[in-house]
Amino acid sequence: MTKRRAFLAGLAATGLAPRTSWAELGAPDFLSAALFPDGSYRLAGLRAAGEILFSLPLPARGHAAAAHPHRAEAVAFARRPGTFALVIDCTTGQELARLTAPEGRHFYGHGTFSPDGRLLFTTENDYEAGIGIIGLWDAANGYARLGEFNSGGVGPHDMALMPDGATLVIANGGIETHPDTGRAKLNLPVMRPNLSYLDLTGTVLDQIEPPSELHKNSIRHLTVRADGLVGFAMQWQGNTAEHPPLLGLHRRGEPPRLLTAPETDQRRLNGYAGSVAFSHNGRTAAITSPRGGALHLFDVASGAFTAAHMIEDVCGLGPSPDGLIFTAGTGAVGQLTGTGASVSAQAKCQWDNHLVPVPHT
Amino acid sequence: MRLIACLLALLIPATLFAQDRAATLTAITDAHILPSFAELTVRTEALKTATQKDCMPASPDLQTAFHAAFDAWIAVSHLRFGPTEEQDRAFALAFWPDTKGFTPKTLSALIAAEDPAVNDPDAFASVSIAGRGFFALEAMLYDAKFAEQGSAPYRCALIRAIAADIDANADAIRADWQQDYTAKLTAPGPNSPYRSGDEAVQELFKALATGLQFTADTRLGRPMGTFDRPRPNRAEARRSGRALRHVVLSLTALRDLAALLAADHPDVAAELDAGFAHALDRAEKLNDPTFAGVADPQGRFRVETLQQAINDIRDLTATRLGPTLDVAAGFNSLDGD
Chain D
1 MTKRRAFLAG LAATGLAPRT SWAELGAPDF LSAALFPDGS YRLAGLRAAG EILFSLPLPA
61 RGHAAAAHPH RAEAVAFARR PGTFALVIDC TTGQELARLT APEGRHFYGH GTFSPDGRLL
121 FTTENDYEAG IGIIGLWDAA NGYARLGEFN SGGVGPHDMA LMPDGATLVI ANGGIETHPD
181 TGRAKLNLPV MRPNLSYLDL TGTVLDQIEP PSELHKNSIR HLTVRADGLV GFAMQWQGNT
241 AEHPPLLGLH RRGEPPRLLT APETDQRRLN GYAGSVAFSH NGRTAAITSP RGGALHLFDV
301 ASGAFTAAHM IEDVCGLGPS PDGLIFTAGT GAVGQLTGTG ASVSAQAKCQ WDNHLVPVPH
361 T
Chain Y
1 MRLIACLLAL LIPATLFAQD RAATLTAITD AHILPSFAEL TVRTEALKTA TQKDCMPASP
61 DLQTAFHAAF DAWIAVSHLR FGPTEEQDRA FALAFWPDTK GFTPKTLSAL IAAEDPAVND
121 PDAFASVSIA GRGFFALEAM LYDAKFAEQG SAPYRCALIR AIAADIDANA DAIRADWQQD
181 YTAKLTAPGP NSPYRSGDEA VQELFKALAT GLQFTADTRL GRPMGTFDRP RPNRAEARRS
241 GRALRHVVLS LTALRDLAAL LAADHPDVAA ELDAGFAHAL DRAEKLNDPT FAGVADPQGR
301 FRVETLQQAI NDIRDLTATR LGPTLDVAAG FNSLDGD
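So the sequence lines, in the order shown, correspond to chains D and Y. Counting along the first sequence from 1, when you hit position 202 you're at 202 in our numbering, and nothing is skipped either side. Counting along the second sequence from 1, when you hit position 63 you're at 63 in our numbering, and nothing is skipped either side.
None of these hints come from the bench; they were simulated from the model. Careful, some of the hints might be misleading.
Short derived list, chain Y residues pointing at chain D, Cβ under 8 angstroms [claimed, not checked]:
| hint | residue |
| --- | --- |
| 1 | F81 |
| 2 | G82 |
| 3 | D88 |
| 4 | T99 |
| 5 | F102 |
| 6 | N191 |
| 7 | P193 |
| 8 | F214 |
| 9 | G221 |
| 10 | T226 |
| 11 | D228 |
| 12 | R231 |
| 13 | D256 |
| 14 | L260 |
| 15 | D337 |
Not the full set, but computed from the structure, chain Y residues with beta-carbon under 8 angstroms of chain D [as the list claims (entries may be wrong)]:
| hint | residue |
| --- | --- |
| 16 | E86 |
| 17 | K100 |
| 18 | I129 |
| 19 | D217 |
| 20 | T218 |
| 21 | R222 |
| 22 | M224 |
| 23 | G225 |
Using N, Cα and C, we set each Cβ at its ideal position, and we do this for glycine too.
Throw the hints in and build the complete structure from the sequences for me.
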């Protein structure tokens, strides 16, 4: 058995192994990390209706994952400041490779593949210098480290590939942390988050920052619509008596639009948006706040706030055929349609922060 | 026993909880928050006066006043909400950690340019926060690098400007607490940032939890570094020999806040108090005022033991105090990412 595993791993490393596609696995729509009742942390594949197709063990609490565009292969990241990520064959649960952050780096928990699936990009921290890094890994050859470039800011968190397949959009949260001090935020009074667009060699093409009075609004998560409109979610690190917008929309070449609910609803978010998604038809943008137990919907065209749904510990969010799907730390999986929010499944696990869409090819 | 307490709790009408909240909030503002900020303003006023009498860094009176005012700040440094967060007042009082060396850079730039902002309090209030507050003053008084930089009269004016700015900031925070924020915290509702007593109590619980976290992770974690690479030069206010003192002062203040938060739950209060007593005992036995000892394994181990004692209080706060105050949080809402 050991021999066979080693043999398969060897094949995997050369890229010669026969690879299962996502369709053969039952076409999961999303990946999500979760805590299961037996105390194990697992990475699950689920359908938009809430059905869990598979769940694979993780060595520690996960955060986000990256789904390979073709192969049924996922990269599961530990929560920051984790220094490793696992490449998992989602058919067998077998570890295909282990990404270890180079000396002086740790992962932030998000990453994305190039459209051809040959490259993996990861957000990382050069913590001695306090500079954000994008790591490059060779997904075609056993995930060897190929190189790195600056992320264009401090504390890069979520990242995505633009529809052109040649541009990365990166949420540089602006917050400096160092593993010596755990998750302590070291630079709040001088933090400067930004949204950076980089080509795949690391050249900064475009950058936007919140206005100076909102420099403590950490841009952490993002999503990209098919036409290149970027939705970004923020986490307010400033005075808790203030309730600034936590959702932004940006199209390159235009100024960003910051969207907010009326004061009474906005304050319920507790300054914290955990996930952001566009609906399937792209007309609605949504953010979740686990701290406020709230999900807010906005009309993309007008920027108008359209609805608030109160859902305990809600965080994961993604598009579904009917509109949007959400998950919560309570195990709930639910749907948002034109008519309202409904829980479609109650899993016996605690869903972690994010739903990562699996490409349908 | 705990089950019985839970069942009893179910029988108590909700209004009684609301009254409990009001009593807790009033007790904490009256006995903890307002007197501590009053003490701060007295000490910062004395510091300002001391710099006016004698601005020489070696002046014993100035150094004594510096320590007393800094002590008073550390004793309120966990109360990071409301008045301290207006216009970044708290950061302007204490810009630390300074991971990229902004304080020495800002001070050097002011001195090199002989920036006239030192002659005008309003102008000085718009200088970068890295060049203001206790850590900027500490650099001017105790860092040899600044002893000879620029001209003596300018250094003197800068020291006086920093002290006056510290005092103005402390006064502004206290005035806000007296004239505005005490009412907001103790009378939640539509005119308050807190919709309910629960939210106001949660703010104070958060102040306790983040205060403990800052002391364990940052005040101790930064100099501890890793076993292979300890960082004694990263200890807080090490030039003025205050690193351990900050830990003791903050634990003392947090112990007071914890006791008031747990006042209605004597068993939890006793557990917390024992936790603080243990951590303070560890701190006082360290005999290592700047954590220089982290450089060798034995010394680092002793600091780590202190850190563990504080982490034990954090666990108690999360698992015992949080649930009794009904401020426990969910899987995702607890610790964001």
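### Query
Which hint numbers doesn't this structure obey?
6, 11, 13, 14
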